[in-house]
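Novice: Once you have looked at the hints, place chain W on chain D.
Next come the chains, spelled out residue by residue.
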Amino acid sequence: MTFLHPLALLGLAAAAIPALLHLLERRVPPEAEFPPIRYLTEAERQNARRLKLRHLLLLLLRTALIGLIVLAAARPLVPARGGGGGGGGGGAHEPTALAVIFDNSPSSGVLVDGRPTLDRLRAAARGSIARAGAADRVWLMLGDGVLRGGSREALLATVDSAVPTSQRLDLTAAVERATRLVDAEPLPSREVHVVSDLQRTAFGQGRADAARGVRVLALAPPPRAPSNRGIGTVRVADGAVAITVTGTPGASPAPVTVRLRGRDAGRALAAPGASVSIPLPTVTPGWWVGEAVLDPDELRADDRRALVWRVAPPARVRAEPGAGSFVNAALAVLAEGKRVADGTDVSIGERLQASPGKSVVLPPADPALVGQANRALAARAVRWRFAAPGTPGPLSSASFPGIGGIPVARRYRLEPRLGDGGQTGRTGADSTVLATVNGEPWLLQDGDVILLGSRLDTAWTALPAAPAFVPFVDAVVNRLPRGEGGAPVTEVEGAPRVAFQTRGADTVGATVYGLDPRESDLTAAADDLVRRAIGAEPLDDARFAAQRFAGARRADASGLLLVLGLLVAAVELGVATLTP
Amino acid sequence: MTDAQRLDLLNPADVARLGGIEIVAQGVVEGFLAGIHRSPFRGFSVEFTEHRAYQPGDEPRYLDWKILARSDRLFVKQFEEETNLRAMILVDASRSMAWRGAPARLTKRAYADRLVAALALILLRQRDATGLITFDEAVREVIPARVRRGQWTRLVRGLLDTPDGLGTAAQAALLHLTSLLARRGLVVFVSDLLFDRGLALTALRYLRHRGHQVIVVHLMDPAEAELSGPPEVRFRDPESAASVVVRPRELARAYAGTVQREISAWRTACRRHGIAYHHVLTEMPFGTALRLLA
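First to last, the protein sequences are chains D and W.
When you line the first sequence up against this note's numbering, it's residues 4 to 583, in that order.
When you line the second sequence up against this note's numbering, it's residues 7 to 300, in that order.
Only chain D is shown next, with the shape it has when bound in the complex (with noise of 0.2 angstroms):
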């Protein structure tokens, strides 16, 4: 049995009153002179037995009725039989930790049957929370993960506010997260309640650890859940954007659009699942934004997707004596289509430039020169150098993904320049490696120069044969110079939106907010998935309703409690005044 106010459990103390006022009593009481005493000692030892027990049977009602009206006044709840089917009306429960998931991530604005699903979650939710008792505590986790407290109004409150977000909801994570909280609060009953949309790619990998003792219900998702398409993701490349289609997977091929400052700039049919490829036409040099737009569905969130990528004017590059042929000849191709130009902006060759100027530095082909090549590395400041030959291995670069496991023969370690005192130069802000091979610098970035641990030679590396070789020179002699990193252009969940990064004055990359593509698929997760992953069974919303706060469901006793305490009453009376 618990107690609605137990705190009301401390007047259980009034309770010894009539015992103490009994054992505590020195009221002297008035005398009179009295002759037959002789008679009033006989009746009184031929009643004492029946005065000992009416004298303890109106200590004992007495003590019984505070009690009882003290046990009443606690609110005592006790189990009560056939909560179950209650719809969720009326009835008290046992203090219950709770947490409420209400997932209002993306995939909420759909309309089902011309009625967001965010208002059936929303009703869902507010039951559960407005359902909750004093003795209660309850938490609220938005599609944003947080779990938040506060007292019920302000929980409703943000209940109510709340409008679909741009977050995707691992609801696997967020179930494991809420049982944990729920079970280390010291509440007899822990609940958590998950209103959402059940999509089957909001569950995450694995099952939610939840902890014994904790339920968890799971509202059902619609039975129909309409067939939705989105823009999954968008990379522009090569002068055309490659856009992926999401959605409910069999759903009907759709056109995708792609606008540039308010204009089409090219059309295409996809379905889910399926990527299309549109050009983009030939644009001035700078930064370019445009959105790929899906037509209108039930879900108009995913509809579109901002694309955003930089037309850079081409390096004017020279390729020094000893770069090689295979370097000429991808600056050739490179030069064929307007992607570099003759010039001294930028330097290519074992030979390093004394005056200041952008230059990427290869191995001299002889390795008595190795030396003198250090030596104009240290007068250009620059904290590298080449060191012994190392260990043949595959290349890896999270900066040039076209590259990775292209194998490499032949090579020079990289290592930072010793200083004066012997220790190891710091390599600075400016110091990056863009590659490796066997964990060792192989491609690094120290101010203006680049600096290459193998000649672009087959006899050195297989990346000359490669197909990544001529985008690679050109990162390499185009973007890498201006220092525009190996991503210029990164993709982030959130709020659909294009943040710029820039350097001084100059713009060096852009960041394209929106949202997850999974979120586009609404098709309903398989009962046995949700049992799998949160251990709840989904139910629908009359058995939701029903259930909630059922495993701790308590009828308020103090009703009874009342009116025993008054039959106890009425029988004190009468024993206090019919009774001699």
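Hints should not be assumed to be uniformly reliable.
[As the list claims (entries may be wrong)] The following label-pair restraints were derived from C-beta to C-beta distances:
(1) D:Leu12 x W:Ser234: 38 to 48 angstroms
(2) D:Ile20 x W:Ser234: 24 to 34 angstroms
(3) D:Val31 x W:Ser246: 15 to 25 angstroms
(4) D:Ile20 x W:Ser246: 17 to 27 angstroms
[As the list claims (entries may be wrong)] Examples of chain D residues toward chain W, derived with CB under 10 angstroms:
(5) Pro33
(6) Phe37
(7) Ile40
(8) Arg41
(9) Leu43
(10) Glu45
(11) Ala46
(12) Arg53
(13) His58
(14) Thr236
(15) Pro317
The hints are simulated quantities; they were obtained by calculation from the structure and are not laboratory data.
This one's a predicted model, so the numbers in the text were calculated from it and none came from an experiment.
Glycine is no exception: its CB is placed at the ideal position from the N, C-alpha and C atoms.
Specialist: Okay, now just chain W, sitting in the frame of chain D:
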């Protein structure tokens, strides 16, 4: 004299306020005798003297049935009172007798004094030798039974001269009483009987054995018959100083039962030994009490 004017029928406390014990006793006796028109005490001292014509109000038992049979006329027999009845009145003067349950009532002792005075006056008017003994834990006053002139005054003086006792009636006093009553006669024992019943019965049985006609008047204040008082009270025995704390309301019924059993026990024991027993409450009019004794 109407009933409203008869002192023997009025409230004893009201009657007592009319004057001294002599006046009260005489008034009571006058009223009492006017009411019954006959001598209430008959016995060894009554001898037939003459007949007279029957008058309405005469008791039928005094009709001379032989004359009625012979002459068909109603005559009643008249008796001459003699002085050979020796009545001795024993009055308990113990401390418990000086108690009353309410200020508006007489103490048991005051009631007894007036009742005894009236009784003695009646007896003396019948020319019965009447004496008085008062006692508590000891014999306090002894006035031998006489019929001479001024005897009633001496008896009343004896009552008045006996103070309220300090203790209770003791066995020694009762045994002394029996030794003082050598000649047989009428013994009227007036007491609240708040002492050992066995002891008292032994003495009374002894008197009965000696040929005395014994009448026991058990005086009781109404407050002694029905227990009442504050919710809780410590009652103290004025004689023994013993005390007990009781709640009168919860013990009242049991107490009343105990008192009734005590009265019944006295009545039964007295009847068994040929002793007349009368229970008299101090709120009972003197005339009523005297009629009980008649």
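Novice: Now look at each hint and say whether the structure bears it out.
Specialist: How the hints compare with the structure:
no.	hint	verdict
1	D:Leu12 x W:Ser234: 38 to 48 angstroms	44 angstroms, holds
2	D:Ile20 x W:Ser234: 24 to 34 angstroms	29 angstroms, holds
3	D:Val31 x W:Ser246: 15 to 25 angstroms	21 angstroms, holds
4	D:Ile20 x W:Ser246: 17 to 27 angstroms	38 angstroms, violated
5	Pro33	5 angstroms, holds
6	Phe37	4 angstroms, holds
7	Ile40	4 angstroms, holds
8	Arg41	7 angstroms, holds
9	Leu43	6 angstroms, holds
10	Glu45	5 angstroms, holds
11	Ala46	4 angstroms, holds
12	Arg53	8 angstroms, holds
13	His58	9 angstroms, holds
14	Thr236	94 angstroms, violated
15	Pro317	116 angstroms, violated
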